[in-house]
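Protein chains in written order, with my numbering: chain A, 1 to 262; chain B, 1001 to 1304; chain C, 2001 to 2238.
Keep in mind the hints are simulated off the structure, nothing from the lab.
Incorrect hints may have been included.
Stated by the list, open to error - Below, a list of computed lysine-lysine pairs in the DSS-like style, where the Cα atoms sit at most 30 Å apart:
#1 A:9 x A:111
#2 B:1254 x B:1032
#3 B:1206 x B:1217
#4 B:1254 x B:1217
#5 C:2041 x A:201
#6 B:1239 x A:136
#7 B:1239 x A:111
#8 B:1217 x B:1032
#9 A:202 x C:2140
#10 B:1206 x B:1227
#11 B:1106 x B:1227
#12 B:1298 x B:1206
Stated by the list, open to error - Computed footprint of chain B on chain A; a stretch qualifies when at least three of its residues, placed anywhere within it, have a C-beta under 8 Å from a C-beta of chain B:
#13 84-91
#14 107-116
#15 123-130
Stated by the list, open to error - From the structure, some residues in chain C lie toward chain A, with a derived Cβ separation under 7 Å:
#16 2016
#17 2081
#18 2082
#19 2184
Beta carbons: idealized from backbone N, C-alpha and C, even for Gly.
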Amino acid sequence: MMDAPQIVKTQPLLMARNVSKSFGNIAALQDVSATVYPGEVLGIVGESGSGKSTFLRCLNLEEHPDQGSYTLDLPNVQGNLFDLDRYARRMLCATRIGIVYQNPHLGLLMKHSSSGNVAERLLVAGERRFNVLREKARDALDASEFPLDRMDAPPIELSGGMQQRVQLAKAIALEPALLLLDEPTTGLDVSVQALVLDTLKKLQQERKITMVIVSHDLGVIRTLSDRVMVMRRGRVVEEGLADQVFQDPQHAYTQQLVHAKL
Amino acid sequence: MSLKSLTKAWEPMSYGFLDASAKREIRRKMLKAIAVPGCQIPYASREVPMARGWGTGGLQISCTLLNPKTTIKVIDQGADDSVNAASIRRFLAGVSGAPTTTDTLKADLIQSRHRIPEEILREDQVLVLQVPNPEPLRPVQPNMSIARQMHADADYGRMWLQLYEQIVRSGRVMQGASYPSLVNGRFVMTPSPIPRWDVPKMHMAKHLTILSAGREKRLHAVPPFTKVEPLVFDDVPYKVEDHGAHVCTRSGAKGYFMNEIPQDDGPSTFEVSDSELGVKSIHRADGEAVQIGETWYKNGEMTE
Amino acid sequence: MTVLDVHHLTKGFTMHHLGAHMAAFDDISFLLNAGEFLLLKGQNGAGKSTLLRTLYRSYLAQSGEILFHSNHGVIDLARAADIDVTYLRRTEIGFVTQFLTARPRVSAEALVAEPLRLAGRCAEDALDEARHWLNAFGVKPALWAAYPTTFSGGEQQKVNLARTLILPPRLLFLDEPTASLDVNARAALIKRLTELKAQGTAMIGVFHHPGDVATLIDREIDLTPDSATGEDRKDVVI
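Bound-form chain A, shown alone (with noise of 0.2 Å):
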């Protein structure tokens, strides 16, 4: 175990404790601890059903576990956000935490124009004036290299990359506190996926904006994350700064991971 901050003195954006989840016999989170400061990048690692997704479900309060305690230092923002009821979820989703998920109808309505699914998020918070809601929504289109002569068509229309895209562009229209992603490249060409990332990390560069970011592709991880967490059946097995768990990794685990990658 490492020693607790001695020099940065910042409080951690995100705090979850020994989340914890069950469904019926199957233990999908024993737990589960995650920190991150204010700007990081926290990728979680590990392979279809370790339970990463499920813990990312819970921090967008998707998913109500068992056991844990969850905070996010946020003004108006207080005590473990896992006893909020239905109304303060929802709307803490919706103006602090941005999502982007693996499959796209997740997280659009794929029928209306992409403008409009941004723009949704903003109705959601409040926003009334038609006009700055285009503005805002075409700021955001572009923020996330979207090519804006197609903002209105419908994301059924668009290739999976354009689709990432639009959900990145919702999910930073009201520029969360908290962008979570959930394997966002995967099902991606792979030359679209490097797109896609380098959009990731160029948003991540410009706007300091601290992510958590999951998924079982190591390129993916090492791409964006400062530190790593890496996940097996519902635990966590390792946790360290990236460069660490990639050029020396002490789990059993997450060794097979990395060579088998390498």
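Could you slot chains B and C onto chain A? The hints should help.
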């Protein structure tokens, strides 16, 4: 001893077709609806001698509200003389002995399909609107359980999104009738399929409006002096139908909601949709003394 | 003034799939002062690069202490919180490797200017200084606005050096930085290192040809195992 000596002579003991417990239930649900303006309240919706979809919701409310002294007016798309309006009027009079009228000013209870009369309604009048589909969220959320949660959370983002989409695709809001409106700053309701022209009439109106859907078994209400605001973007103003300049070919009335009557040889002619207003205008033009009440619209402009 | 105080540092690699443990180096202790240049010597596989990476926390030490006298007090890098290590890497500890981690669509000058921007300098100033250093290391002006991902190894290394050395770190690790450099760039590097040394940067370096930096060297540590058991030591590169 004869049977006659043991029984009373026949006399009416009830009126309004529905049994007492049905009426009591509807009264309670109406009170609830008035207490929470715009909130849809479920009710049992009994069988009435009319097919679902023909105004059974409105009919049950009218049957509950009337008594033998209530003056009843029934209109369908503004007209007192359509088959449906005439049948309902006759039925209501038949089951209660209540007097009927076509004059908006003389009516105590007005049951209507798809229109609000042009003459301003008073505190002592009740408007009953027949509603085919009371759920404004249905186009954006087919699952009614989730739709109810959305109402509870005032989660109307999707409604607004719908308007956004219409403007993006067509350059304007395409919603014609049933324009979704926020009641008392809390619940979005569908004001039954009245034209956009009629929605502003509900805002801070003096009369009580009860909206009832018999097939869907829900009712909601707009109590007197309640805010009713159509959902509009701050920078895209609400527009009513462009009827202000049309003149009624039969009565000469101008500046009211019109029925368009296409002509074989091309252009359409127009006829005032509120038929009784047309009748009164004709009488007045003939020099008869008729009383036309203050109207919500003057020269095609809504008065404050 | 002490910058780094290493006590009994030991590192080995446990290879779970082989069921084996490979020692890299054992019980290393040394003291490094401000402005001192320490050369790590030893044959291939003696653990020179491993030691650098362990000090930088890319590798986890097995035991021992790495006491770094930072501007914020003494901290044991072997056990410091990740967030502290990240912070120190950004502000006080530099590492020049043989490879540039170029990022797609970031120009050479922006890449070099980044440490200055992070330290709070205004964009224009930072770019001016970045261009100065690119020039000093011999990167042609035509390439300044280009993306280094497409550069040759030698040019990439120049960008890398300019970026790492633009801000004077308190502690600098050098892992064969001269490997792919031409004569001019090598001279520029040595000039810059001399400058940093004079400003008090403490350095630990591994060089294939220590002759390149002969004038800078204050002390040497020989990691070559002197006992027969030490022959197992391998610098494991993953």
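Results for each hint:
1. A:9 x A:111: violated, 47 Å
2. B:1254 x B:1032: Violated, because 40 Å separates the two Cα atoms, which is more than 30 Å.
3. B:1206 x B:1217: At roughly 26 Å apart (the allowed maximum being 30 Å), residue 1217 of chain B and residue 1206 of chain B satisfy the hint.
4. B:1254 x B:1217: violated, 38 Å
5. C:2041 x A:201: violated, 38 Å
6. B:1239 x A:136: holds, 25 Å
7. B:1239 x A:111: holds, 27 Å
8. B:1217 x B:1032: With a Cα-Cα distance of about 15 Å, the restraint between residue 1217 of chain B and residue 1032 of chain B holds, given a limit of 30 Å.
9. A:202 x C:2140: holds, 26 Å
10. B:1206 x B:1227: The hint holds at about 11 Å.
11. B:1106 x B:1227: holds, 26 Å
12. B:1298 x B:1206: holds, 18 Å
13. 84-91: Our answer is that it holds, as 3 residues pass the Cβ test (under 8 Å) against chain B, meeting three.
14. 107-116: Check passed, 5 qualifying residues.
15. 123-130: holds (count 5)
16. 2016: holds, 3 Å
17. 2081: It holds, given that the least Cβ distance between residue 2081 of chain C and chain A is near 4 Å, below 7 Å.
18. 2082: holds, 5 Å
19. 2184: At 31 Å from the nearest chain A Cβ, residue 2184 of chain C fails the 7 Å test, so the hint is violated.
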